[in-house]
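Starting from the known structure of chain A, arrange chain B on it as the hints suggest.
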Amino acid sequence: MEPTLQATGIAKYFGSIRALEHVDFEIYPGEVVAVLGDNGAGKSTFIKILSGVYHPDQGEIRLNGELVRLNSPMDARKKGIETVYQDLALAPQVDVTSNIFLGREMMRKGLLGKIGFLDRKAMRDQVKNMLGQLKASVKSVNQVVDELSGGQRQAVAIVRAVSWGTNLVIMDEPTAALGVEESAKTLELIKEVKSKGIPVIFITHTIPFAFDVADRIVVLRLGKSVVNLMTHDTHMDEVVQWITGSKSVENNY
Amino acid sequence: MSNRAVTKETTHQVNLTSNRIRKGLSNYWTLSILVLIIAIFGVIEPRFLSRSNWLSTTTYMTETMLLGISETFVIITAGIDLSVGAIEGLAGVVAALVILKTLAFGTTLSLIFGVVFGLVVGMLVGLVNGLVITKMKITPFITTLGTMGVATGLTFIFSGGTDVVGLPASLNVIGNLVVASWFNFTVIITMIVLALAGIWLSKTRFGQYTYAIGSNAEASRRAGIRVDNHLIKVYMLSGLIASLSGILLLTRFATASPLTGANSELNAIAAVVIGGASLFGGRGTMFGTLVGAGIISVLVTGLVIVNVQPYWQVVAIGVIIILAVWFDQLNHRPS
Numbered sequence: 015m016e017p018t019l020q021a022t023g024i025a026k027y028f029g030s031i032r033a034l035e036h037v038d039f040e041i042y043p044g045e046v047v048a049v050l051g052d053n054g055a056g057k058s059t060f061i062k063i064l065s066g067v068y069h070p071d072q073g074e075i076r077l078n079g080e081l082v083r084l085n086s087p088m089d090a091r092k093k094g095i096e097t098v099y100q101d102l103a104l105a106p107q108v109d110v111t112s113n114i115f116l117g118r119e120m121m122r123k124g125l126l127g128k129i130g131f132l133d134r135k136a137m138r139d140q141v142k143n144m145l146g147q148l149k150a151s152v153k154s155v156n157q158v159v160d161e162l163s164g165g166q167r168q169a170v171a172i173v174r175a176v177s178w179g180t181n182l183v184i185m186d187e188p189t190a191a192l193g194v195e196e197s198a199k200t201l202e203l204i205k206e207v208k209s210k211g212i213p214v215i216f217i218t219h220t221i222p223f224a225f226d227v228a229d230r231i232v233v234l235r236l237g238k239s240v241v242n243l244m245t246h247d248t249h250m251d252e253v254v255q256w257i258t259g260s261k262s263v264e265n266n267y
Numbered sequence: 135m136s137n138r139a140v141t142k143e144t145t146h147q148v149n150l151t152s153n154r155i156r157k158g159l160s161n162y163w164t165l166s167i168l169v170l171i172i173a174i175f176g177v178i179e180p181r182f183l184s185r186s187n188w189l190s191t192t193t194y195m196t197e198t199m200l201l202g203i204s205e206t207f208v209i210i211t212a213g214i215d216l217s218v219g220a221i222e223g224l225a226g227v228v229a230a231l232v233i234l235k236t237l238a239f240g241t242t243l244s245l246i247f248g249v250v251f252g253l254v255v256g257m258l259v260g261l262v263n264g265l266v267i268t269k270m271k272i273t274p275f276i277t278t279l280g281t282m283g284v285a286t287g288l289t290f291i292f293s294g295g296t297d298v299v300g301l302p303a304s305l306n307v308i309g310n311l312v313v314a315s316w317f318n319f320t321v322i323i324t325m326i327v328l329a330l331a332g333i334w335l336s337k338t339r340f341g342q343y344t345y346a347i348g349s350n351a352e353a354s355r356r357a358g359i360r361v362d363n364h365l366i367k368v369y370m371l372s373g374l375i376a377s378l379s380g381i382l383l384l385t386r387f388a389t390a391s392p393l394t395g396a397n398s399e400l401n402a403i404a405a406v407v408i409g410g411a412s413l414f415g416g417r418g419t420m421f422g423t424l425v426g427a428g429i430i431s432v433l434v435t436g437l438v439i440v441n442v443q444p445y446w447q448v449v450a451i452g453v454i455i456i457l458a459v460w461f462d463q464l465n466h467r468p469s
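Here the protein sequences line up with chains A and B, keeping their order. Quick note on our numbering: the first sequence kicks off at 15 and runs consecutively. Quick note on our numbering: the second sequence kicks off at 135 and runs consecutively.
Bound conformation, chain A alone (with noise of 0.2 Å):
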């Protein structure tokens, strides 16, 4: 099978500071691949080109076998790579509807579109669907962003990201401000995703949650992939020794 996303050798400097020295990473379809590493290992700037923020200075990216140039992150959204910030970028007194199809909205039929009405109704029952289909738990459509809570927006912004023709979805430490219980429903809505056939890169300094739903880990140290760790063969103490380099290729045996 040919992996959705392929990335080699992917180094990057900013002035005489090497953020990034070696990376070697791919996610295959329906794979949900975690990428960790201690503060400073590279994750956020890996994260970055591959989101279309920053040009890698050496190396090359693949999108389903083809090689190919992320010039902005408009640009990597257009090629189908869906990036859930931290932030969520969500516009808080907007409702949810609106948020999630903002830059995307349907128009409405006909001379009316055309002067830029919209269709809010089939947007309505659009968001219904989606929210559904991810088993989402958000009680109103209509309300705004503001009068929801931190999971319910985490998954307000995840629909988001999923909904588009998506080829890979990235999240970037998605439970890091939420709750336990909220965590969980996250945690949920990633194996949602999965099941969708959709990739997931998830970021997190969580390593639990790692276990709990990614098929495969990525460890990053000092701005080079360390290892790729199949979820099933491996358990928690080795992934932190990796992670703090007590465990490393040069003294692996």
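Just so you know, these hints were derived from the structure itself, not from any lab. Computed from a predicted structure; not experimentally measured. A virtual CB, placed ideally from N, CA and C, is assigned to each residue, including glycine. Each hint should be verified, as a subset may be incorrect.
[Stated by the list, open to error] Below, a sample of chain A positions facing chain B; criterion: calculated Cβ distance under 10 Å:
#1 91
#2 102
#3 107
#4 115
#5 132
#6 134
#7 160
#8 174
[To be verified] Straight-line Cα separation of at most 25 Å, DMTMM-like style, residue types lysine to aspartate or glutamate; simulated pairs:
#9 B:271 to A:101
#10 B:337 to A:133
#11 A:128 to B:179
#12 A:208 to A:226
#13 B:337 to A:139
#14 A:62 to B:362
#15 B:337 to A:16
#16 A:123 to A:133
#17 A:142 to A:161
#18 A:92 to A:40
#19 A:62 to B:179
#20 B:337 to A:160
#21 A:128 to A:139
#22 A:238 to A:251
#23 B:269 to A:89
#24 A:210 to A:229
#25 A:208 to A:16
#26 A:208 to A:80
#27 A:93 to B:352
#28 A:92 to B:462
#29 A:205 to A:139
#30 A:92 to A:52
#31 A:208 to A:195
#32 B:337 to A:119
#33 A:62 to A:195
#34 A:149 to A:89
#35 B:367 to A:119
#36 A:208 to A:71
#37 A:205 to A:229
#38 A:149 to A:139
#39 A:62 to A:45
#40 A:92 to B:297
For chain B alone, kept in the frame of chain A given last:
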């Protein structure tokens, strides 16, 4: 489902309902205040409820209403437009001067020229506002404070500091036309603009982006909305409607005073804030602004009619603004 979960669901339901009630209240409490003020004035002085007072109140209200429409669009984007009053004055003077200069083409044509030039001038000031805010990254407050000065200065330069007089009498006839005994010509135009603005804001993509940008500009940018372009359009629209207000005043008085519009932006901003808009952006409605403009205008004509010094209106509006914002904050505590 466990008992605990059921209880939790119910609590949530109750919260939602009480939220809805509170929201309903905050939408309509200003309307109740308007009705209350009208009732009080009506009891003290029945003449307040007469047709002639209706005509003078609604006609007086057009200025605050139109500038309020401008300001509603701008304030929802989390901006402010201090230049609307100055634009109003500038548009009136420019329109008047153009009419005088083009009278040789016949009255009708000269009026058309005047109106078109007046509207274009307002849009140009709005364009400058939008460009300075988005490209030079100057805050809306400072930008429009600057263009307010520029526009006011230009108004005095163009008019030589005196009223522009000698306009065709037909202008005055149009401006003071009363349709169906109850509606002044300028009121009808204002009602049409209000209806269009309300529909535009609530039903179209333009309105949607206006709210989204005011609510979270960065998120809008990431969603692919061309935020700068949209803001420029909003400030141009604001300038356009403000200059329409200046032209309507010109038709009423058939004289363009360079003093027109001085401080009018404050009443407009007050109307928008009383109407429930948030100066932090993302919230506000045309209906709210209508109620806000109604309160301000009723206070002016009401105090006159009950023989109280009308300066008390300024005091009352100040108090109402603070109450309105306070009430609004109680209802929208940051979660």
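Hints, verified against the model:
1. 91: OK, holds: residue 91 of chain A within 10 Å of chain B, min 7 Å.
2. 102: holds (8 Å)
3. 107: Holds. Min distance 3 Å.
4. 115: holds (9 Å)
5. 132: With a closest approach of 6 Å, the residue 132 of chain A hint holds.
6. 134: holds (8 Å)
7. 160: holds (6 Å)
8. 174: Since chain B brings a Cβ to about 9 Å from residue 174 of chain A, closer than 10 Å, the hint holds.
9. B:271 to A:101: Holds - the C-alpha atoms of residue 101 of chain A and residue 271 of chain B are around 24 Å apart, at most 25 Å.
10. B:337 to A:133: holds (9 Å)
11. A:128 to B:179: Cα-Cα ~51 Å, so violated.
12. A:208 to A:226: Holds - the C-alpha atoms of residue 226 of chain A and residue 208 of chain A are around 13 Å apart, at most 25 Å.
13. B:337 to A:139: holds (17 Å)
14. A:62 to B:362: Cα-Cα ~24 Å, so holds.
15. B:337 to A:16: With a Cα-Cα distance of about 45 Å, the restraint between residue 337 of chain B and residue 16 of chain A is violated, given a limit of 25 Å.
16. A:123 to A:133: Given that 25 Å is the threshold and the Cα spacing comes to 8 Å, the pair holds.
17. A:142 to A:161: holds (18 Å)
18. A:92 to A:40: holds (20 Å)
19. A:62 to B:179: This hinted pair is violated, its Cα atoms lying about 69 Å apart.
20. B:337 to A:160: Judged against 25 Å, a Cα distance of about 21 Å means the pair holds.
21. A:128 to A:139: holds (21 Å)
22. A:238 to A:251: holds (20 Å)
23. B:269 to A:89: holds (23 Å)
24. A:210 to A:229: holds (15 Å)
25. A:208 to A:16: With Cα atoms ~17 Å apart, residue 208 of chain A and residue 16 of chain A stay inside 25 Å; holds.
26. A:208 to A:80: holds (22 Å)
27. A:93 to B:352: Judged against 25 Å, a Cα distance of about 21 Å means the pair holds.
28. A:92 to B:462: violated (40 Å)
29. A:205 to A:139: Measuring from Cα to Cα gives roughly 24 Å; hence the hint holds.
30. A:92 to A:52: violated (31 Å)
31. A:208 to A:195: Cα-Cα ~20 Å, so holds.
32. B:337 to A:119: holds (12 Å)
33. A:62 to A:195: violated (29 Å)
34. A:149 to A:89: violated (29 Å)
35. B:367 to A:119: OK: residue 367 of chain B and residue 119 of chain A at ~19 Å, within 25 Å.
36. A:208 to A:71: The given pair, whose Cα atoms are some 31 Å apart, is violated under the 25 Å limit.
37. A:205 to A:229: holds (11 Å)
38. A:149 to A:139: holds (15 Å)
39. A:62 to A:45: With Cα atoms ~20 Å apart, residue 62 of chain A and residue 45 of chain A stay inside 25 Å; holds.
40. A:92 to B:297: The given pair, whose Cα atoms are some 58 Å apart, is violated under the 25 Å limit.
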